[in-house]
Amino acid sequence: MPAITRAAHLLSANKTNPLTWWLAGLSLAVMASLSSNVFVLIGICVASLVTIKLCRDDSPWAQSISFYIKLAAIVIALRVIFRIIFNLGSSTKDAFLLLPSIDIDFGFGNALKLFGPISQEAFTLALLDGFRLAAIILAVGMANSLANPRKLLKSTPGALYEIATAISIAINLAPQLIASLGRVRRARSLRGQSKGIKAVTGIVIPVLEDTIDQSMGLAASMSARGFGRKGNRSNTQVIGARLLAFLAICLIVTGSALLLFSPEQQTLELVILFVGLVAAGFSVKLSSARATITRYRKEPWRLGDVIILASSLALVVLAFGGVFAK
Amino acid sequence: MIQLKDLSFSYLKSDGSKVSETPQLNNVNLSINAGEFVLVCGPTGSGKSTFLKALNGLAPSFTGGVIEGELIIDGVNLIGLEPHEFASKVGYVNQQPENAFVGDTVIDEIVYCAEQLGLPISEIKTSVEKISALLEISDLLERPLATLSGGQQQRVAIASALVAGQKILLLDEPTSALDLEGASEVLRVLQRLSSEEGVTVLLAEHRISRVIAAVDSVLVVHGDGSVTKGPTETQFNDSRFAPPIIELGLKLGWKPLPVSTSSANKKWTETKPKYIAKTPFAPTEDVLRVQNLEVNFGSVEALQSTSFTLQGNQITALMGENGSGKTTLCWAIQGSGTRTKGSVITSKGETAELSSNERLEVITMVPQRAADLLFLSTLSAELEESDRFAEVKPGSTAKLFKSLAGRIDTSIHPRDLSAGQQLSLVLAIQLVKQAKILILDEPTRGLDYSAKHALAIQLNSIRSADRSVLIATHDIEFVAMVSDRVLVLEDGKLITDSTPIEVLGAGSKFASQLAEISNEQGLISLEQVQL
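Keeping their order, the protein sequence lines are chains S and C. Residues in the first sequence are numbered from 1 upward in steps of one, following the numbering used here. Residues in the second sequence are numbered from 327 upward in steps of one, following the numbering used here.
Keep in mind that the hints are not guaranteed to be accurate.
Stated by the list, open to error - Below, computed lysine-lysine pairings styled on PhoX-like, alpha-carbon distance capped at 20 Å: (1) 581(C) - 598(C); (2) 725(C) - 759(C); (3) 451(C) - 298(S); (4) 195(S) - 604(C); (5) 674(C) - 728(C); (6) 555(C) - 577(C); (7) 581(C) - 195(S); (8) 728(C) - 759(C); (9) 577(C) - 598(C).
Since the hints were derived computationally from the structure, they do not count as laboratory data. Keep in mind it's a predicted model, so treat the numbers as computed, not measured.
With the hints as constraints, model all of the structure from the sequences given.
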């Protein structure tokens with residue numbers, strides 16, 4: 001299918017701005033969190049996977065697709081299993097699974113009820129919750145697989161030093177973790193392990209240490225080349241910008257969390273989110289008041305970026321409009 | 327240019343107390359002139375990296391610890407500042423450039439520092455032109471970093487460190503991962519930077535036999551907190567890290583000590599020292615048979631059809647440039663690596679069909695990143711686990727480790743060991759398993775000369791126990807010291823299978839330093855020279 005190939009080429013990971021895929025991924029995640037239609041959620045999962053498959057290049061961070069699929073499957077299974085175990089009393093009338101219930105009496109308050117008959121509605125709801133989380137995981141996985149973390153790192157504003165470093169290290173962590181996992185697993189079989197040692201420590205510890213070492217090495221190399229320099233800004237400006245950035249992050253996180261957990265009431269949450277975004281903007285503005293960084297080559301916004309961003313924006317608007325709600 | 331006054335640095339424990347009584351750097355006083363090319367050396371684990379990092383704030387910022395005293399650069403005391411405040415004056419390049427890259431293409435990477443320092447675009451442009459011409463990478467500017475050779479990557483890293491007009495360059499083992507050609511490319515540009523551009527270069531290295539003729543002075547980090555600096559001839563009374571050329575001079579009592587191959591060659595022809603022939607060990611029976619082994623990665627032929635056998639009582643070196651297929655071959659032989667065709671037969675059968683524990687009874691391997699094999703939280707726990715797994719007498723691994731790395735506090739975390747000490751530990755863990763075949767992938771990376779000698783002695787004793795060792799390496803001097811047979815790979819093809827005298831002898835591509843100095847056929851290693 002040449003049309004699809006051409007489109008995939010236009011949108012391929014190394015031809016797009018790294019921010020594009022993060023914005024697209026986050027849009028899909030927002031859409032998933034606002035939707036209770038299982039077809040929409042499955043659609044998001046499939047769309048994310050197909051996009052990864054078509055647009056990825058052969059860089060190490062693009063090889064993580066199976067990791068996200070496994071994680072998503074585990075989350076769906078856990079959500080359903082938890083619903084079955086911590087069954088908050090469906091009546092036997094409309095039961096769909098008739099499990100015997102276990103009551104644990106603590107001697108005070110109500111007894112804790114485990115298992116018991118579960119209604120079809122409760123079961124579907126749990127499954128839906130699972131799919132929603134899975135869709136969010138895959139959408140973020142898509143961003144992580146397609147956005148070049150190195151490019152993203154380069155375009156982080158150096159003005160918000162500590163926060164930007166922490167975020168860029170965190171973003172780099174997942175792809176590196178996956179890359180070193182394969183290498184360490186292979187190396188571990190070279191040593192063997194006596195029975196007393198937990199198998200998992202043999203893999204997890206070297207992988208974690210290696211990943212952290214690498215991230216720290218990267219951060220050190222960036223720092224040694226001037227990343228996060230205060231430049232000619234006064235201390236007050238620096239501290240002001242950081243406080244504002246902290247406030248902005250708190251507001252954005254609170255706003256989005258409230259949006260996710262109570263999709264009914266939205267006005268207050270949207271206001272909080274908006275104030276947070278404005279604060280973030282001011283903080284960046286304040287930190288770069290006297291420009292200390294040059295961009296030798298701006299990362300261009302190409303046709304592919306415009307297409308992806310426009311469609312993501314459209315989806316988010318439709319989602320807020322309640323189109324995918326039911 | 328750089329002046330250190332009573333500079334001290336100590337690592338701290340989590341409770342805030344100092345790790346040891348003597349600081350890592352103890353009241354260091356020295357000065358380095360503008361344009362001076364300084365070699366920083368010292369035994370494995372003595373703190374060369376820490377010393378370099380202290381000069382641009384990475385220590386203590388990224389290492390933890392406390393720094394005291396004065397660090398005067400360009401007349402200003404910069405002690406206690408963050409690394410980014412040094413960036414406009416000091417460039418820093420580490421061992422593995424690919425881990426430090428922030429960009430995607432060469433040009434992205436080079437301009438990074440200039441961007442962070444906020445230089446105007448026009449200035450960056452001229453600076454990029456100048457620095458890329460100096461480092462011979464002008465043709466590579468648009469190439470993705472991942473497609474470059476190690477030597478090219480390292481030159482990009484150097485360009486990136488100097489793009490803002492920095493006059494001081496710190497390099498932490500920049501050539502240790504490079505092949506001969508890559509290493510000499512890097513050395514050549516460093517020499518030019520110091521002599522023509524007046525850049526002060528501080529180069530920490532282990533493989534120094536070809537470096538010492540190029541440097542102006544040698545700085546030794548002794549490991550007991552003291553740091554000394556002086557002319558090359560006077561700095562090598564500690565033979566733990568003296569290269570073959572110096573060892574030869576010391577052994578034969580040459581005065582003044584020659585530091586370049588040509589001056590040593592003159593002295594050799596004048597004095598004509600005696601040497602004995604190298605007698606290879608007689609091989610015993612075949613222990614491993616490689617038949618028509620082929621490895622393809624997608625459309626890339628990493629290893630073309632290769633066949634050879636390994637015998638007992640033999641140390642076989644596997645040489646070749648970066649990317650020639652050495653590591654691929656090692657993993658394919660071991661059995662868990664990718665194979666497209668062919669077989670590898672041992673006494674237990676085909677290695678690819680054995681379970682990983684069955685393999686360990688016949689074949690053990692130390693991979694390039696030895697630290698991947700370490701996972702416990704103390705050195706003593708690692709040593710005990712090794713004894714338990716190998717079912718040997720408690721203390722066996724510890725004894726082996728001590729013979730390789732010396733006495734080390736066993737309560738230490740394995741991650742706090744130096745690269746060389748970690749390698750020694752993994753070697754000890756693998757050697758204690760008593761498998762007939764041992765594969766070592768670049769084992770001498772990061773080892774000082776005394777650690778290499780210790781390793782050579784260990785390998786000799788394994789060989790006499792009728793075992794077979796395969797070493798993939800760039801390290802010519804080490805091959806000259808230990809090998810009985812040399813295989814050479816080029817672009818995935820086995821092109822040579824011969825004796826070390828043939829491959830490393832005078833006039834050949836892989837000539838050892840002693841072969842170059844003496845120009846005698848049949849002489850390749852220091853052990854052959856008689857008093």
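Numbers of unmet hints, in rising order: Hints 4, 5, 6 and 7 contradicted; others consistent.
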